[in-house]
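K.L.:
Below, each chain spelled out in residue letters.
Number of protein chains: 2
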Amino acid sequence: MVEPLSQPRRDALAGLLPHWAPTPGRDAIRRELRFRDFSEAFGFMTRVALLAETQDHHPEWSNVWNRVEITLTTHDAGGLSERDIRMAQAIDALLG
Amino acid sequence: MVEPLSQPRRDALAGLLPHWAPTPGRDAIRRELRFRDFSEAFGFMTRVALLAETQDHHPEWSNVWNRVEITLTTHDAGGLSERDIRMAQAIDALLG
Chain Y
1 MVEPLSQPRR
11 DALAGLLPHW
21 APTPGRDAIR
31 RELRFRDFSE
41 AFGFMTRVAL
51 LAETQDHHPE
61 WSNVWNRVEI
71 TLTTHDAGGL
81 SERDIRMAQA
91 IDALLG
Chain X
101 MVEPLSQPRR
111 DALAGLLPHW
121 APTPGRDAIR
131 RELRFRDFSE
141 AFGFMTRVAL
151 LAETQDHHPE
161 WSNVWNRVEI
171 TLTTHDAGGL
181 SERDIRMAQA
191 IDALLG
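Residue numbers (the numbering used here), protein chains in the order written: chain Y, 1 to 96; chain X, 101 to 196.
Source of the hints: derived by calculation from the structure; they are not laboratory data. Where a beta carbon is used, it is the ideal one built from N, C-alpha and C, also for glycine. Any given hint might turn out to be false.
Listed next, the stretches of chain X that the computed footprint assigns to chain Y, with coverage defined by at least 3 CB atoms under 8 Å from CB atoms of chain Y [stated by the list, open to error]:
#1 109-117
#2 160-168
#3 176-183
So the derived label-pair ranges between C-beta atoms look like this [as the list claims (entries may be wrong)]:
#4 X:Arg126 with Y:Ala90: 29 to 37 Å
#5 X:Ala193 with Y:Gly15: 44 to 52 Å
#6 Y:Arg9 with X:Ala114: 46 to 54 Å
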């Protein structure tokens, strides 16, 4: 098991991750992204895939041409954990 | 515009693409796949991405760890077209 996210960290979430929103009906966060085309979208996804393997923490995600939607949650915590914050920050860092 | 799939081809779809099922409520087909792990799933997705660029026909798809779900439809045809059959067959060929 992984420790669920503490209440103080939850309260700080909007400030820590301004580009991420709560996923309705789940203890998870999501971010939607748009790129110039599929090539750019999938190039980004490949970089996120490498991050996911490095951090051993994998997104739930979907892609339709230039759009990518990413949901982060931690199954072993039954919801959000520090792993999601770390991954979200790493994804944000890719986007500059 | 792209020509919508003809009725004879629709009638033959189950035989042509036995691994694909109609998407409920849409004129589209879908296939769900399971791999050993994320690495294998994303490796497969990368091969499909290369196909998609080659054929200039892109899937709607999602991934959760070792699972990949692919939906094919042709926006320019308002539903299924020959492009979807060609892409589905190319994806099936990757899976041997």
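K.L.:
Are the hints correct? Go through all of them and say.
P.N.:
Here's how the hints hold up against the structure:
no.	hint	in the structure
1	109-117	violated (count 0)
2	160-168	holds (count 6)
3	176-183	violated (count 0)
4	X:Arg126 with Y:Ala90: 29 to 37 Å	holds (34 Å)
5	X:Ala193 with Y:Gly15: 44 to 52 Å	holds (49 Å)
6	Y:Arg9 with X:Ala114: 46 to 54 Å	holds (51 Å)
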